[in-house]
Amino acid sequence: MPKVKAKRTSVSLDMTAMCDVAFLLLTFFMLTAKFRPEEAVTVVPPSSISEKPLNTKDGVLTISVSKEGGVYLATDDMMAREFMLERMANKYGVALTEEMKSNFLSSEVVGFPAGAMRQVLNEKPSEAKSKGFLKGIPIDSANNELSYWVGYAKLSNPAFKIAIKGDQNSDYKVFSDIIGTLQAQNINIFQLVTSPEKRPQ
Amino acid sequence: MAEIDSSGGGKKGGKKRSKKMSTKIDMTPMVDLGFLLITFFMLTTTLAKPVTMQLNMPDKTEDNTQTSPVKMSETVTICPDENKVYYYQGIPSESATVLNVTDYSDTGIRKVIADMKARIGNNFTIVMKPTKKSKYRNVVDLIDECAITNNKRYALLEIDPDTEALIKRSGK
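As they're listed, the protein sequences go chains A and B. Quick note: the first sequence uses my numbering, first residue 1, plus one each step. Quick note: the second sequence uses my numbering, first residue 1, plus one each step.
Hint data in this document are derived by calculation from the structure and do not stem from the laboratory. Among the hints, erroneous ones may be present.
What the hints assert, rightly or not - Here are the simulated EDC-like cross-link-like pairs (lysine to aspartate or glutamate), alpha carbons at most 16 Å apart as the crow flies:
#: 1; chain 1: B; residue 1: 111; chain 2: B; residue 2: 82
#: 2; chain 1: A; residue 1: 173; chain 2: B; residue 2: 81
#: 3; chain 1: A; residue 1: 124; chain 2: A; residue 2: 140
#: 4; chain 1: B; residue 1: 117; chain 2: B; residue 2: 74
#: 5; chain 1: B; residue 1: 133; chain 2: A; residue 2: 77
#: 6; chain 1: B; residue 1: 84; chain 2: B; residue 2: 106
#: 7; chain 1: A; residue 1: 173; chain 2: B; residue 2: 158
#: 8; chain 1: A; residue 1: 198; chain 2: B; residue 2: 81
#: 9; chain 1: A; residue 1: 101; chain 2: A; residue 2: 82
#: 10; chain 1: B; residue 1: 133; chain 2: A; residue 2: 68
#: 11; chain 1: A; residue 1: 154; chain 2: A; residue 2: 68
#: 12; chain 1: A; residue 1: 57; chain 2: A; residue 2: 77
#: 13; chain 1: B; residue 1: 24; chain 2: A; residue 2: 76
#: 14; chain 1: A; residue 1: 173; chain 2: B; residue 2: 74
#: 15; chain 1: B; residue 1: 132; chain 2: A; residue 2: 86
#: 16; chain 1: B; residue 1: 60; chain 2: A; residue 2: 177
#: 17; chain 1: A; residue 1: 161; chain 2: A; residue 2: 68
#: 18; chain 1: B; residue 1: 129; chain 2: A; residue 2: 197
#: 19; chain 1: B; residue 1: 133; chain 2: B; residue 2: 81
#: 20; chain 1: A; residue 1: 67; chain 2: B; residue 2: 164
#: 21; chain 1: A; residue 1: 57; chain 2: A; residue 2: 76
#: 22; chain 1: B; residue 1: 84; chain 2: B; residue 2: 164
#: 23; chain 1: A; residue 1: 173; chain 2: B; residue 2: 82
#: 24; chain 1: A; residue 1: 198; chain 2: B; residue 2: 103
#: 25; chain 1: B; residue 1: 133; chain 2: B; residue 2: 160
#: 26; chain 1: B; residue 1: 60; chain 2: B; residue 2: 158
#: 27; chain 1: A; residue 1: 161; chain 2: A; residue 2: 86
What the hints assert, rightly or not - If you anchor each label on the Cβ, the simulated ranges turn out as follows:
#: 28; chain 1: A; residue 1: 141; chain 2: B; residue 2: 170; range: 43 to 51 Å
#: 29; chain 1: B; residue 1: 44; chain 2: A; residue 2: 142; range: 54 to 62 Å
#: 30; chain 1: B; residue 1: 72; chain 2: A; residue 2: 95; range: 44 to 52 Å
#: 31; chain 1: B; residue 1: 26; chain 2: A; residue 2: 4; range: 49 to 57 Å
#: 32; chain 1: A; residue 1: 83; chain 2: B; residue 2: 95; range: 29 to 37 Å
#: 33; chain 1: B; residue 1: 108; chain 2: A; residue 2: 141; range: 42 to 50 Å
#: 34; chain 1: A; residue 1: 83; chain 2: B; residue 2: 98; range: 37 to 45 Å
#: 35; chain 1: B; residue 1: 28; chain 2: A; residue 2: 7; range: 23 to 31 Å
#: 36; chain 1: B; residue 1: 160; chain 2: A; residue 2: 31; range: 26 to 34 Å
#: 37; chain 1: A; residue 1: 49; chain 2: B; residue 2: 169; range: 33 to 41 Å
#: 38; chain 1: B; residue 1: 93; chain 2: A; residue 2: 96; range: 27 to 35 Å
#: 39; chain 1: B; residue 1: 42; chain 2: A; residue 2: 102; range: 43 to 51 Å
Predicted model, so just to flag it, every value in this text is computed and none were measured. Each residue gets a CB set at the ideal place from its N, CA and C atoms; glycine is no exception.
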């Protein structure tokens with residue numbers, strides 16, 4: 001007399017497919033994620049309640065101000081960078097070699113006076129930084145090189161948005177000089193980069 | 001008796017069989033790990049995103065026939081300094097103008113702005129003239145205060161000698 005047995009279904013699922021999906025997603029996110037662009041200086045931006053992210057669609061020209069007041073220019077638009085370099089080198093009579101060009105293009109940040117261009121660009125970006133060559137772009141009224149850099153960048157890509165990323169302890173004077181320089185070129189809209197903060201009740 | 005003993009050792013009788021290993025592995029911990037990593041990366045990438053505030057400055061190259069004049073009584077001038085904020089109403093060169101001092105806390109400049117806005121109404125305008133000693137942070141804080149108190153009418157100007165003299169005269 002055979003006993004009637006209820007057929008037991010197994011509770012363990014085949015997880016292989018799910019595992020595949022999980023790691024596929026992981027790989028996808030890791031490959032698409034962009035590293036934070038390398039900065040010539042560490043800038044701690046002040047906080048604000050603004051919630052608007054930086055719109056990078058049309059290209060952004062970031063002007064960083066370090067705590068000591070050094071001004072640095074950065075953009076991820078390769079074409080604009082090459083254009084800026086060629087025009088600047090031409091203007092200051094610096095003969096560009098292929099090596100200088102590739103050194104310039106491998107770093108996102110411009111932060112040296114044009115007089116030191118030859119010296120800086122003959123070094124690898126990391127070496128130039130460690131040797132302390134990146135002193136910032138001069139913006140005093142007698143020698144306003146930032147105005148040329150921005151002018152050439154705008155010539156290459158007129159849709160550039162200007163973002164200003166100032167260190168919270170930098171002097172307001174530097175910021176107002178930058179604003180003044182850009183206003184002279186009829187650039188009147190600025191994006192001030194800040195870190196997010198909760199809106200007080 | 002055909003009893004399966006997985007612990008082995010019982011080799012009494014029957015055919016000697018090589019033990020078959022299962023090829024199935026429990027994937028659950030691996031899936032857990034995968035999703036944990038995804039969650040971690042997604043949260044950390046969104047948190048690092050900077051935000052921006054837009055600052056519009058007047059067009060210097062155009063003539064200002066289009067601008068509307070602002071009444072002195074509806075305007076407050078705020079001069080952020082490194083650790084304190086000066087504010088006054090009126091013309092800085094007049095001796096009747098009173099300079100007040102407050103700080104950057106919730107009960108400081110925010111309350112001043114909110115009170116004045118309540119008193120003056122919609123045409124309330126803020127003029128900012130950062131002093132020479134002020135830091136970038138102070139100016140951003142002040143623009144942020146305008147956003148917190150929902151003031152869209154503000155202007156960022158250079159400090160003028162009259163205002164500097166007023167601050168010096170008050171000795172605060």
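Assess, step by step, whether the Cα of residue 173 of chain A is no farther than 16 Å from the Cα of residue 82 of chain B, and give holds or violated.
-> holds, 13 Å
Would you say the C-beta atoms of residue 49 of chain A and residue 169 of chain B sit inside 33 to 41 Å of each other?
-> holds, 35 Å
Distance restraint between residue 60 of chain B and residue 158 of chain B, which requires alpha-carbon spacing of 16 Å or less = Since the Cα atoms of residue 60 of chain B and residue 158 of chain B sit roughly 14 Å apart, the hinted pair holds (cutoff 16 Å).
Are residue 161 of chain A and residue 86 of chain A close enough, with their CA atoms no more than 16 Å apart?
-> Violated: residue 161 of chain A and residue 86 of chain A sit about 21 Å apart, past 16 Å.
Measure nothing beyond the straight line between the CA atoms of residue 129 of chain B and residue 197 of chain A; if it is 16 Å or shorter, mark the hint as holding.
-> With a Cα-Cα distance of about 24 Å, the restraint between residue 129 of chain B and residue 197 of chain A is violated, given a limit of 16 Å.
Agreement of residue 84 of chain B and residue 106 of chain B with the hint, judged by alpha carbon distance not exceeding 16 Å | With Cα atoms ~13 Å apart, residue 84 of chain B and residue 106 of chain B stay inside 16 Å; holds.
Holds or violated: residue 133 of chain B to residue 77 of chain A, with C-alpha atoms at most 16 Å apart = Judged against 16 Å, a Cα distance of about 36 Å means the pair is violated.
Are residue 117 of chain B and residue 74 of chain B close enough, with their CA atoms no more than 16 Å apart?
-> holds, 9 Å
16 Å Cα cutoff - pair residue 161 of chain A, residue 68 of chain A = violated, 25 Å
Between residue 124 of chain A and residue 140 of chain A, is the straight-line Cα distance small enough, at 16 Å or below?
-> violated, 28 Å
Hinted pair residue 57 of chain A and residue 76 of chain A, Cα distance within 16 Å | Cα-Cα ~11 Å, so holds.
Given the hinted pair residue 173 of chain A and residue 81 of chain B, is their alpha-carbon gap at most 16 Å?
-> holds, 12 Å
Hint check: violations occur at hints 1, 3, 5, 8, 11, 13, 14, 15, 17, 18, 20, 24, 27, 28, 29, 30, 31, 32, 33, 34, 36, 38 and 39; the rest are consistent with the structure.
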